[in-house]
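With this note's numbering as the guide, the letters of the sequence shown map in order to residues 1 to 198.
Just so you know, the hints here were simulated from the structure itself, not pulled from any lab data.
Each hint should be verified, as a subset may be incorrect.
Listed below are the simulated DSSO-like cross-link pairs for lysine-lysine, each with C-alpha atoms no more than 27 angstroms apart in a straight line [to be verified]:
#, residue 1, residue 2
1, K75, K57
2, K122, K197
3, K197, K57
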Amino acid sequence: MENPLYTAAYLAQIADRQTALRAQTEAYLTGLETCVLEIGCGHGHFLTDYAAAHLAKTCIGLDIIFERIERANRKKNRARLTNLHFLHASAEDFLAMLPTTLRFSEVFVLFPDPWPKRRHHKNRLMQPEFLANLAQRAGQGTRLYFRTDDTAYSTATTEVVQAHPAWEITTDPWAFECETVFQQRAPSYHSLVARPKH
């Protein structure tokens with residue numbers, strides 16, 4: 001039987017996190033036309049280096065594991081970067097709270113969980129619904145950068161993007177090279193760059 005106290009506490013925790021996320025998005029993004037997004041930023045290695053090399057761009061990193069965000073923020077603070085913000089949030093929650101006029105210039109999805117078992121494929125980030133939501137925040141010059149060391153996930157993602165009415169694969173070069181922890185460990189990896197069709 002479900003514990004009503006646990007359920008109430010859990011729902012309150014979610015509500016508090018969404019309230020905090022809304023306040024953060026308003027503080028960091030209100031008035032901006034564009035920003036750079038990394039989904040699944042981990043400990044912040046890639047985005048910290050990217051933000052340091054692109055000081056004129058506002059960069060947002062998301063991760064659903066709070067300890068990773070804490071470590072990423074320590075990197076940001078050591079680098080004294082004011083154009084970089086790490087948020088404890090899912091992509092779904094973040095996209096739902098954005099200012100309506102904001103568009104992404106670049107979106108990075110680097111070495112996400114491949115969920116290799118077939119019954120878990122529904123948990124993969126790169127799904128038609130996610131791409132549709134992301135397309136609503138894409139402008140003419142938006143680019144989506146995806147990288148994985150899982151061949152099956154790479155193939156599946158390529159198929160999903162090719163079949164999607166809002167996106168198309170492009171031969172554009174990779175925007176910024178910086179070895180992540182996963183990239184250093186991987187014997188090889190696959191990259192995909194996509195752009196909106198509009």
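ask   = Taking each numbered hint in turn, which are not upheld by the structure, reported in ascending numerical order?
value = none
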